[in-house]
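Chain order of the listed sequences is H and V.
When we follow this note's numbering, the leftmost residue of the first sequence carries the number 1, and every step to the right adds one.
When we follow this note's numbering, the leftmost residue of the second sequence carries the number 1, and every step to the right adds one.
Keep in mind that a hint or two might mislead.
A pair holds if it fits inside one copy or across any two, identical chains being indistinguishable in the list.
[Claimed, not checked] Okay, derived cross-link-like pairs now, BS3-like style, lysine-lysine, Cα gap no bigger than 27 Å in a straight line:
| id | residue 1 | residue 2 |
| --- | --- | --- |
| 1 | 199 | 221 |
| 2 | 58 | 264 |
| 3 | 264 | 141 |
| 4 | 218 | 199 |
| 5 | 121 | 249 |
| 6 | 97 | 218 |
| 7 | 218 | 65 |
| 8 | 121 | 264 |
| 9 | 141 | 121 |
| 10 | 248 | 264 |
| 11 | 199 | 232 |
| 12 | 264 | 102 |
| 13 | 36 | 97 |
What the hints contain is simulated information worked out from the structure, not anything from laboratory work.
2 protein chains.
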Amino acid sequence: LMKYYLILTLALALSFAAHSKAEDTPDQWRTLDLDKTILLELETGPVIIELNPQFAPKHVEQISKLVTAGEYDGQSFYRVIDNFVAQGGMNVETTTKLPLLKLESDHQLTASDHFSMVSNKDMFVENTAFLNGFAIGFETKSRMSWLLHCPGIVGLSRQNEPDTGSSDFYITIGQAPRYLDRIMTVFGRVVFGMEHVQKLNRTESIEGDTLDRSIHSKIIKMQMMSDVPKAKRILIEVERTDTEQFEKKLIARMTREHPFFYIKPPQVLDVCQVPVNSRLVTSH
Amino acid sequence: LMKYYLILTLALALSFAAHSKAEDTPDQWRTLDLDKTILLELETGPVIIELNPQFAPKHVEQISKLVTAGEYDGQSFYRVIDNFVAQGGMNVETTTKLPLLKLESDHQLTASDHFSMVSNKDMFVENTAFLNGFAIGFETKSRMSWLLHCPGIVGLSRQNEPDTGSSDFYITIGQAPRYLDRIMTVFGRVVFGMEHVQKLNRTESIEGDTLDRSIHSKIIKMQMMSDVPKAKRILIEVERTDTEQFEKKLIARMTREHPFFYIKPPQVLDVCQVPVNSRLVTSH
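In isolation and in its complexed conformation, chain H is listed as follows (with noise of 0.2 Å):
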């Protein structure tokens, strides 16, 4: 109970006004901004990525465009590793047309960002924290903060070398490669039809394997939601993460005071492990 009082007060002296506004405005939903939401339709269904311009702005700028001009429909996942990531894009040398784009990562905290605090226990970052959805980690001392690698996040793919990605990109499918945290860009995460992401076709696997592999999943289209027509539209309101319901869920997975927890875990909490939870709106 005493870790308990101790990572509350700590939530509540780290999140700076999240409190405040939480009462403000009681609704724990959100509706997604449509130029800031791309459809990306799979043959398996489909799937609603939010942009996040707040940490990788020139990333979102240049992905929008590129969405924008269809350049995506019909293209693939051409690299989908069961348990790691899905890759799809166009897979050629288009570094020599399209801008290459310079790592966005590491966003200063600043009193407007009202941030829940989830942990100071996590294995590769001080702690980690949930701001506007996504799963942030942060320094203490400098307020420096990036995206983290959890499930269903959409990062720019590159090269070797550093700054060399300018179209493709990867959804992470399984466990966060947390590895890869500050050195690629998170520029949005998946807020809808992550099963439908899970249901493309493995393009490697193990040895031996009698799979056909060469299946490469098509992109049927990628839009922006604000280009899809009204009838079309999925619109989806999200979990806020800055209100004091949300603060309350995250004490509640780490206490699990419900009776099926007859023996308490340990009251740690893993940020890639907390749902951030997505609604669809049912009438527009």
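Got chain H; can you put chain V on it based on the hints?
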């Protein structure tokens, strides 16, 4: 580099005779015991499960009996939650007919357990390691160990009360739900076909969802591999985790010498993010 040596030394110190064992038998692959291997046939493809009688002898005995009796044939995965678990079996109150199983979790390490040390920075347990292909946690002083809820493990489902499971099982399909360690019995792990598990129809999802969640993917057949006719057997070799090569792999995943890592990540390893490889034996 200091860290590297420290961890290497620790690994050597803790892994008992692992190194001398590795030198005696240089092969880095082991074949599965067909009597301790399950072939789970799904509509999406075959799945192979290696059982763990060392940690969960009574679970392995009961599940093997049910498999041999054909009890799972034609049953389904009735609770599939993306990034969490795929739960399958009879989905009936079998508890009146079948013996309830008591939790089987803790195992005291002995000198004959040739484990490979992974980390002493884990969030949930003092130490993590691999033992016979399975991720384990253990305490330094007591030498008590248990199997961890990494992606692809197979555990016994239960009600809220402890020791209330008998037949139905779950496969973890997302970020490791480590808070289930030691309160659920892990009795096996998927060594082939996780992509087929990932393709199972999800039965629960986000609010307002229009997808048909009532479709439960079927278990076509579940057999002990030793009962499968020879011509139809799928023979698998699994990477040994008690060899010098495997320990080198662990260090390589931590130190990341490849030029892709132009900045080195923190020198830590998430045990659930380390793949233990499998390969098909093509001739038999």
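Right, here's what the structure says about each hint:
{"no.": "1", "hint": "199 to 221", "result": "both (17 Å within a copy, 21 Å between copies)"}
{"no.": "2", "hint": "58 to 264", "result": "between (45 Å within a copy, 24 Å between copies)"}
{"no.": "3", "hint": "264 to 141", "result": "between (32 Å within a copy, 21 Å between copies)"}
{"no.": "4", "hint": "218 to 199", "result": "both (12 Å within a copy, 16 Å between copies)"}
{"no.": "5", "hint": "121 to 249", "result": "both (18 Å within a copy, 26 Å between copies)"}
{"no.": "6", "hint": "97 to 218", "result": "within (23 Å within a copy, 48 Å between copies)"}
{"no.": "7", "hint": "218 to 65", "result": "within (20 Å within a copy, 43 Å between copies)"}
{"no.": "8", "hint": "121 to 264", "result": "both (18 Å within a copy, 20 Å between copies)"}
{"no.": "9", "hint": "141 to 121", "result": "both (16 Å within a copy, 22 Å between copies)"}
{"no.": "10", "hint": "248 to 264", "result": "within (17 Å within a copy, 36 Å between copies)"}
{"no.": "11", "hint": "199 to 232", "result": "both (23 Å within a copy, 26 Å between copies)"}
{"no.": "12", "hint": "264 to 102", "result": "between (45 Å within a copy, 18 Å between copies)"}
{"no.": "13", "hint": "36 to 97", "result": "within (24 Å within a copy, 55 Å between copies)"}
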